[in-house]
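Modelling step: build the complete structure from the supplied sequences, incorporating the hints.
Protein chains: 2
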Amino acid sequence: MTTHDQATPGTARTPIWKAIADRLEAEIAQGLYPPGAQLPTEAVLSARFGVNRHTVRRALGDLGTRGIVRSRRGAGVFVASVPTDYPLGRRVRFHRSLAEGGHLPERRVLRVETRPATPREAEVLQLGPDDPVVVYEGLSLSDGQVIALFETAFPSARLPGIAEALARHTSVTEALRAAGVDDYVRAETRITAERANAMQALHLGLDEGDPILRTVSRNDDLAGVPVEHGNAWFAGDRIALTLAGSGP
Amino acid sequence: MTTHDQATPGTARTPIWKAIADRLEAEIAQGLYPPGAQLPTEAVLSARFGVNRHTVRRALGDLGTRGIVRSRRGAGVFVASVPTDYPLGRRVRFHRSLAEGGHLPERRVLRVETRPATPREAEVLQLGPDDPVVVYEGLSLSDGQVIALFETAFPSARLPGIAEALARHTSVTEALRAAGVDDYVRAETRITAERANAMQALHLGLDEGDPILRTVSRNDDLAGVPVEHGNAWFAGDRIALTLAGSGP
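In order, the protein sequences belong to chains A and B.
1 is the number of the first residue of the first sequence in full-length UniProt numbering; add one for each residue after it.
1 is the number of the first residue of the second sequence in full-length UniProt numbering; add one for each residue after it.
It is possible that some hints are incorrect.
Claimed, not checked - Computed footprint of chain A on chain B; a stretch qualifies when at least three of its residues, placed anywhere within it, have a C-beta under 8 Å from a C-beta of chain A:
1. 76-88
2. 188-196
3. 206-217
4. 234-242
By construction, these hints were calculated from the structure, which means they are not laboratory data.
Backbone N, C-alpha and C define an ideal beta-carbon position, used for all residues, glycine too.
Now the structure itself:
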């Protein structure tokens, strides 16, 4: 302990680690370290505040317990992300939902391929066994940060030209429109929590085993015919799925 | 490897571990080991099938990879639970939602106490600083199994007698009715994924660090006045939060 750990007269009730935690919290609140930013190392903070590392660690531990920062193994200490709200409205509109929240939406295609439906996909999409589906795998980004990995299946016989449309448009809404579906709605969504596997962790910038939100959904056209069976995996600390009330 | 690991003529393409996995899978599908049940130990399965433990472990590993069983550290191997659907409808009715799904709902009270609102609770419930709230902490069960831990705050000045009503009724709907609120709706719900801390793991029968679904919600009476600010933590592998479409 350095002499800084001893309180000076008149401030006897605030230990120095607490003062450091308060100072860092204020700097985070002021935006000096924005959400997702890495804090300086323990060594740098020790030098800055003139205390030993034990004291810095206690301050960081306090911020961690209060959810203000989060450490990642071998990477350092980061300002906790404010989860981006992702509204689960009746209409499924990734681009519009994020843009309305002031975020810049983006999609990256990992794969578009046609293959026979799995038994589960055939059941959900009301297809015959081995009827073809177009599988679209990709990443959803908000403000340049990956927020979700998705894999979704479209009944290709029902949606002529969907594979080409998905390769051409980043928006599923536009691709479906090009394939003849003017409007579609969320028919069913199930939300569970899982641990990220190695591949999901890589894509989402998480550690393996970190919590992820999984959604499984079916979207229908306005005649009630299934047009999409989607799986998405969201970074648990970066996204809050939200339901708005529809008013009394 | 015992001689059982060598294929007999005519079945050359099915290794014995795979045959054991198929057999156990069939027994699970028949309900011999229902969801959540513990499988016999490796020693017992080795004796039953006349193979060494390595072979049993490979069979269990295969079932684990396919999500049919799940191992818990130091406890054994369990049949994966089929997640109970928990519908997030516009009306928040724990008892009715589960009962309609064919489940037996139950609530256990851990704590009912009156204290000043936290800044966050005051903001959500539109209270003045330090206005009192009644905090209700407890466990939600479905078919005798804990599915959620909850902590919810009620604005006590707005709801005369709510503390006594919560102690008397297991249903929040009935307690609110006793406090003068005939009907209330879900105004806002946010869903995130977190890791279970030690206390949550204990209540939910999980390992520390297991994924949990967290919901934070505000419920309003029909005039739009907030009557409840709720936090709930659901066992990630046991509950699927579901949204139904409202039709075209």
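Structure-based check of each hint:
Under the rule that three or more residues need a Cβ within less than 8 Å of chain A, the assignment of the segment 76-88 of chain B holds, with 3 such residues. With 8 residues carrying a beta carbon less than 8 Å from a beta carbon of chain A, the segment 188-196 of chain B meets the three-residue requirement, and the given coverage holds. A stretch counts as covered by a chain when three or more of its residues have a beta carbon under 8 Å from one of that chain; for the segment 206-217 of chain B and chain A the count is 5, and the coverage holds. Look at the segment 234-242 of chain B against chain A: 7 of its residues bring a Cβ nearer than 8 Å to a Cβ of that chain, three or more, so the hint holds.
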